[in-house]
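Visitor: Go by the hints and put chain B onto chain A.
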Amino acid sequence: GENVEQHPSTLSVQEGDSAVIKCTYSDSASNYFPWYKQELGKRPQLIIDIRSNVGEKKDQRIAVTLNKTAKHFSLHITETQPEDSAVYFCAASTGYSTLTFGKGTMLLVSP
Amino acid sequence: GAVVSQHPSRVICKSGTSVKIECRSLDFQATTMFWYRQFPKKSLMLMATSNEGSKATYEQGVEKDKFLINHASLTLSTLTVTSAHPEDSSFYICSARDHGSPNTGELFFGEGSRLTVL
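Residue numbers (my numbering), protein chains in the order written: chain A, 1 to 111; chain B, 1 to 118.
In isolation and in its complexed conformation, chain A is listed as follows (with noise of 0.2 Å):
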């Protein structure tokens, strides 16, 4: 099965710096690349989700990127605020296949 490792465990950084947290996966067949972010005792979120057509996906301060070869995706977290402090989780799956997920980063932003 799927298998989704993720990098780091906890991040800290300063407001206004950017965050970059990372994600690789096992199974080639997968095609569908998810990011939740969920604040503690509150349902996962979905912030963002890239599929294997596209390398790069965007939405104002949030940004994916996906290397198929490499079989890695990252997401990038520009000019952070406080109120991005939270875990997020990566994901992986093929078309309507049950997600794997990642382990997640606890993301702490200073101000």
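Because the hints were derived from the structure by calculation, they are not lab data. Mixed in with the good hints there might be a few duds.
As the list claims (entries may be wrong) - Straight-line alpha carbon distances no greater than 30 Å define the calculated DSSO-like cross-link-like pairs of lysine-lysine that follow:
1. A:K103 / B:K64
2. B:K14 / A:K42
3. A:K37 / A:K68
4. B:K42 / B:K64
5. B:K55 / A:K42
6. A:K22 / B:K42
7. A:K103 / A:K37
8. B:K55 / A:K103
9. B:K20 / A:K42
10. A:K71 / B:K41
11. B:K41 / B:K66
12. A:K42 / B:K42
13. B:K42 / A:K57
14. A:K103 / B:K66
15. A:K57 / B:K41
16. B:K20 / A:K37
17. A:K37 / B:K41
18. B:K42 / A:K103
19. B:K64 / A:K22
20. A:K58 / B:K41
21. A:K68 / B:K42
22. A:K22 / B:K41
23. A:K42 / B:K66
24. B:K41 / A:K103
25. A:K37 / B:K42
26. B:K42 / A:K71
27. B:K42 / A:K58
28. A:K42 / B:K64
29. A:K103 / A:K57
30. A:K103 / B:K20
Guide: Same frame as chain A, but now just chain B:
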């Protein structure tokens, strides 16, 4: 986006009792729902895939008789933790895909249910 509602959000029970958690898709039909368990500061661990009108598919290591899943309709799946014990205390989250959504593949999560077994 699609809305998934989960109830109850918090439940405290005595050891040995059973607890039922409901997951509803409010504005779409979900033939498949997923149940996850999340320990503090840990990732989402898939427990089982709930299929409408058929038996759930459990992940390896998840006890079928302990975690009973019923998916009786296209909008409701239930998870029953039977004879709960303190080690079953956790955050349980359901999710579903809206196959009618243009962004196929996106998973929508319920609010989660925090179970505490005394």
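Visitor: Which of the numbered hints are not met once you compare them with the structure shown?
Guide: 19
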